[in-house]
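Protein sequence lines correspond, in order, to chains U and F. Per the numbering used here, the first sequence starts with residue 1, numbered consecutively. Per the numbering used here, the second sequence starts with residue 1001, numbered consecutively.
Derived from the structure by calculation, the hints contain no laboratory data. Possibly wrong hints are sitting among the right ones.
Unchecked claim - Listed below are several chain U residues computed to face chain F (Cβ distance under 8 Å; list not exhaustive):
#1 40
#2 49
#3 50
#4 67
#5 75
#6 124
#7 139
#8 152
#9 243
#10 246
#11 248
#12 261
#13 277
#14 281
#15 385
#16 392
All of these numbers come straight from a predicted model, not from anything done at the bench. C-beta atoms are modelled at their ideal positions from N, C-alpha and C, and glycine is treated no differently.
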Amino acid sequence: MGMTITEKILAVHAGKDFVEPGEIIDARIDLALANDITAPLSLEEFDKVGAKKVFDPEKVVFVLDHFTPNKDILSAGNCKKIREFSKKHGIRYCFEGGECGIEHALLPEQGLVVPGDLVIGADSHTCTYGALGAFSTGMGSTDVTYGMVTGRIWLKVPESIKFNCSGKWQKWVTGKDLILNIIGMIGVDGALYAAMEFEGGAISALSMDSRFSIANMAIEAGGKNGIFKVDEKTLAYVKGRGKRPYTVYESDKDASYMKVYEIDVSKIGLKVACPSLPSNVKDVGELEHIEIDQSVIGSCTNGRIEDLEITAEILKGKKVAKHVRCIIIPATPTIYGEALKRGFFGIFLEAGCIISPPTCGPCLGGHMGVLAKGERAIATTNRNFIGRMGHSESEVYLSGAAVAAASAIKGRIAHPEEA
Amino acid sequence: MKLKGRVWKFGHNIDTDGHNIDTDIIIPAQYLAHTDPKVLGEHCMEPLHPEFHKKVKKGDIIVGGLNFGCGSSREHAPIAISAIGIPLVIAKTFARIFYRNAFNKGLALLEADIDDVVEEGEEIEVDISSGVITCKKAVIQAKPIPPFMVELINHGGLVKYLKKKLEE
Ligand code: SF4
Chain U
1 MGMTITEKIL
11 AVHAGKDFVE
21 PGEIIDARID
31 LALANDITAP
41 LSLEEFDKVG
51 AKKVFDPEKV
61 VFVLDHFTPN
71 KDILSAGNCK
81 KIREFSKKHG
91 IRYCFEGGEC
101 GIEHALLPEQ
111 GLVVPGDLVI
121 GADSHTCTYG
131 ALGAFSTGMG
141 STDVTYGMVT
151 GRIWLKVPES
161 IKFNCSGKWQ
171 KWVTGKDLIL
181 NIIGMIGVDG
191 ALYAAMEFEG
201 GAISALSMDS
211 RFSIANMAIE
221 AGGKNGIFKV
231 DEKTLAYVKG
241 RGKRPYTVYE
251 SDKDASYMKV
261 YEIDVSKIGL
271 KVACPSLPSN
281 VKDVGELEHI
291 EIDQSVIGSC
301 TNGRIEDLEI
311 TAEILKGKKV
321 AKHVRCIIIP
331 ATPTIYGEAL
341 KRGFFGIFLE
351 AGCIISPPTC
361 GPCLGGHMGV
371 LAKGERAIAT
381 TNRNFIGRMG
391 HSESEVYLSG
401 AAVAAASAIK
411 GRIAHPEEA
Chain F
1001 MKLKGRVWKF
1011 GHNIDTDGHN
1021 IDTDIIIPAQ
1031 YLAHTDPKVL
1041 GEHCMEPLHP
1051 EFHKKVKKGD
1061 IIVGGLNFGC
1071 GSSREHAPIA
1081 ISAIGIPLVI
1091 AKTFARIFYR
1101 NAFNKGLALL
1111 EADIDDVVEE
1121 GEEIEVDISS
1131 GVITCKKAVI
1141 QAKPIPPFMV
1151 ELINHGGLVK
1161 YLKKKLEE
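Produce the entire structure from the sequences given, and follow the hints as far as they go.
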């Protein structure tokens, strides 16, 4: 029997020829990641177990992105601890200050994840790197400590669900709309414990940025990982940035899937997920009466250059509605630099937007755009749970950049053609 | 191991009717710069029930529906639940990261569909090793904990397991 790409990567890292869903394996990891929220707990465990060193200082990565620039004394203290640990253990990649970007945009961009990798991260959106044809999954701090120390991790081989996507994309529609559509269709636990594999002509047509945005939200359907076939676009992306050699794995023709969905993307329009679950998905047209106080364009889901390009296209020569705060957060310093160079910042400033340094910030209600009681935001982020962006009686609607930008202009949820 | 505790049901005031209690509810992100279990406990379930940490008694049990613990990988979530003295969560299904984290942090989880059977505040008896749950209306068998997890628990959790490994 054949194997899926997920099974193949897991088998190789477990030193086996064959694995099957349900099997528990002990696998080698290529990278362990933690951030300013999860690393402090990891380091406490590191001390508790009496570990002396990490398994490989090149393969343990810290990104201090959630509350950066440090929002208060506590978070500054956490970052200081991580910085000191990194110095002591010779950790090569500890991103902070002006080098810091949102981890899941930063790691692929810096070439720290390559096709065929097995990556674990103490952050649920670690699944983003599946866009590169790698297996990557989120875990808690303690599991990541185990990985940091031993270079290994136990994993249950997940069943795979295939999403075969064909058809031509409508104007403005991106990967975000596809993944919102899928989560709306299967629910927030529709892929619980499973690998979500995306394939087909419509996927090949997508940019890497859109693929990252899809893989990123696999966890929002309960998935263990999201994964894509490696093609010329993947290889072009990895070329010149990959810090390690890569291996391309591909699902066998006779691999077995728990379920296969056929999706015609030409039928998918612009989507919005209503509060308070990413699966409460509606067409933008149904929500055009919903007024907003804030529009956030950023995060590890949609803070990449493609998103800023779309935002600039829509905001050019326009003004953000008087009572709306439109916060734009380029996900990494490189993206920030490119947006600046391409003249997007001029457009954003003239439109009346706020440009934030790369940070998670409002995505998790951390800082830089927290909502008051009763306020409502549209955001290109990935979660709209109760209280996610601030007060427990505030609301978050999720969309792609086009709808978030158009809504900022209109002061209510809007289709880009209206703006 | 046998436990006896009062039931707290969660999420019936939101549109998902007991399902998908996410980690932003269990411990909101604004408290994540803290690592002190006591502080985390004080904000456990705050968005749905701001007084929860005051009302809860040591040994109480949380009961949920589908996909309990979905959302972020924050270990602050099981830490906050344990910190207020809750030893066990029973839900129909759990989100996978939360599942690993809870066991790693010594919070027991059982998968069983009792949300509609038990009432808020009723006392139930649970045998964690056998998974037998005795409620007022019925006796329910929880799904067995996977053998690998049992082994991990027998080793005293992942941290002890790693410590032993490092000492060898
Ligand atoms: S941008 Fe949001 S979802 Fe992404 S890592 Fe940061 S907090 Fe998490």
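Report task. Please flag the earlier hints that this structure goes against, numbers listed from lowest up. Result -> 8, 9, 10, 11, 12 and 14
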